[in-house]
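Add chain E to chain L, keeping to what the hints say.
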Amino acid sequence: MRDKVMHPLIELTIARIKETIREPDTLFWVFVFPILLAVALGIAFREKPADKILIAIESSMSAEKISKLLSFSKDMETTILDAGEANEQLRKGKVDLIIGIDRGIGAQEKEIVPGNMVFTYDPTRSNSEIARMASRDAIERGLGRKDTVSIRDNIVATPGSRYIDFLIPGMIGMNLMGSGMWGVGFAVVLARTRRLLKRLAATPMRRSHYLLGFMLSRMIFLVPEVAVLVVLGWIIFDVKFFGSIADMVIVSALGSMTFAGLGLLVASRSKTIEAASGWMNFIMMPMYILSGSFFSYERFPAFAIPIIRALPLTALNDALRAVMNDGTPLYSIWLELAVLTIWSILSFGVALKIFKWQ
Amino acid sequence: MEKIKKEIRGQSIKSDVPAIRCRGVKKYFQAVHAVDGIDLDVRVGECFGLLGPNGAGKTTLVEILEGLTHTNAGTVEILGHHWGSRDDHALRDRIAVQLQETQLADKLTVEETLRLFRSFFSRGRTVDQVISLGNLEEKRRERVHKLSGGTKQRLALACALVSDPELLFLDEPTTGLDPQARSKVWDVVEGFKVAGGTVMLTTHYMEEAARLCNRVAIMDHGKFLAVGTPADLVASLGVREVIEFRLMGELAPGLLEGLPGVKTVDKKKEGYILKVLSIDAVLPALLAVIEKQQLKLDQLVTRQVTLEDVFMSMTVGALHDER
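For the protein sequence lines, the chains are L and E, in the order given. Residue numbering for the first sequence follows my numbering, beginning at 1 and increasing consecutively. Residue numbering for the second sequence follows my numbering, beginning at 1 and increasing consecutively.
Simulated from the structure, these hints should not be mistaken for laboratory data. Some hints could be false.
Said to hold, decoys possible - Cβ-to-Cβ under 10 Å is the rule here; a few derived chain E residues that face chain L: (1) Glu63; (2) Ala90; (3) Val289.
Claimed, not checked - When the alpha-carbon atoms are kept at most 30 Å apart in a straight line, the in silico DSSO-like pairs for lysine-lysine are as follows: (4) Lys107(E) with Lys356(L); (5) Lys198(L) with Lys107(E); (6) Lys4(L) with Lys184(E); (7) Lys198(L) with Lys26(E); (8) Lys152(E) with Lys198(L); (9) Lys146(E) with Lys107(E).
Glycine included, each C-beta is placed from N, C-alpha and C at the ideal position.
Extracted from the complex, chain L is given alone in its bound form (with noise of 0.2 Å):
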């Protein structure tokens, strides 16, 4: 029984605190989906022998011949096809390539001719350029091509440049944002329209406590929010962490503090839950899409490049790498954290000064 009168701040963020545990809900969506998000995505591109080159050789005199030549491979399979199947396998993407003969003009079918072959494929994918390459190589090889360099193939794993490993500190990034935006945002939009800012309006409770609590809130959330990644990256995928413990906290409660910013800007006038449900998609999808948490962003075009990287769910998915996979001290990415340092100084800024508490 506490009968001592606490400080508003930090009642407020008590109260903040059990209500979120006390939703469900919120603990489903903040703990165990990005959990499950991790594990699925984490087994979907585990790290596993190369993909076998599937190809499909056109039906014909020759078909025989040069599946027998592609057999030297051991990372080729080859299925031998008519054309309209091996075209509608091609196009399921259940083949990479489909190796054809080239009947030009007066070429007789029964002429076994390897010399005059057909590759159909497509170039977007990258396997069916491996397939084009690895097979054109192992026919040439096949029918007596000398190779004229010797080359030792020496293979290195490293630990950090694996998908995973890129994957963790970017779900991180992305469930702060979420847990963030959400829940701030909602949180004050739901006491709009309970009518609940208003009660609280009409105390002598200081306005910016109330508003701090919920950072405070969620700089006490964030702990477990990033520990659960973390701990599951390195229990179940062996995702080394080289960074500091400090530097990681650092990171994540700035990357914390703007998108609670953030979310509090959305919420600061929103009179429904579905306003504000539309302006915080409005505002997370191009950053789930572009900011690098599944993929490099370095894939978008060049000129966009700086627009991505100012993105706060850019610098910090970058900075969070940075310190988890790469060790990287805090100076060295002076960059990201002003980018989010900026973010959440504007949004704080803007979200006191147009706060609507009725």
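Chain E only, in chain L's frame:
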């Protein structure tokens, strides 16, 4: 702490500063004159009731007094202070507010909610004290969303009383409650009054106003139609008693108005309502008229004039004026 508090209270009573003083207060929402020129003085220790139909402007007026809504014109003085100065914070520490239809945080318990509200005020009761004041002992560990409507209202009231305020605003504190729950809320408000607190109350229950309020104002279309003690308002009708009756059949018009002692005659779907100076004088004559017309009496009730009769006559009158 306790001593300082008593001194503050002593001062405000001694210095004769009214708890509430309004002059010419107006508030427009586009073309709607929600509050249209209100003058009001509420003394310290008084319970003042605002009566009026829905949309009369009661809530807008109260929220102006609470410093939650800005006025378009006029002055408002609460415990000697004007809203909008640096004193606002100190003033909020001395008043308490129960808004219409506020939903407190669902997931917090009664006790946690009260502790949170207590932390906002520089002085006040302990959480235990206010729990017993609101009759909430059995519900203290219950979460808010599980409480019944009546208990929620008592919690809202307890949240307001947690600071031991000098001035308490209650906006329809018992709307939607059953009679028993209503009576429990009244007990809490009466306890606050007995301790010397000032109350500003809105309601559309006449019974509530009559029981709790020293003075009431009847409000409609943003204006006060009448202000006075419940007894004064009842007396202002100029009649003391009411006869309500229903007939099997129709009475020719004009017969009842002529009866000596009858002040007003209202014919409604449910029957006739006569406001009379004295039942003893009117009743025999009324029965004689009915008999003469060869009509049968279906139902007859006699009663004292209540605040409700005043309210109905005034707000209906206001509607007629508009046409």
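Cross-check of the supplied hints:
{"no.": "1", "hint": "Glu63", "verdict": "8 Å, holds"}
{"no.": "2", "hint": "Ala90", "verdict": "8 Å, holds"}
{"no.": "3", "hint": "Val289", "verdict": "54 Å, violated"}
{"no.": "4", "hint": "Lys107(E) with Lys356(L)", "verdict": "24 Å, holds"}
{"no.": "5", "hint": "Lys198(L) with Lys107(E)", "verdict": "19 Å, holds"}
{"no.": "6", "hint": "Lys4(L) with Lys184(E)", "verdict": "29 Å, holds"}
{"no.": "7", "hint": "Lys198(L) with Lys26(E)", "verdict": "21 Å, holds"}
{"no.": "8", "hint": "Lys152(E) with Lys198(L)", "verdict": "17 Å, holds"}
{"no.": "9", "hint": "Lys146(E) with Lys107(E)", "verdict": "9 Å, holds"}
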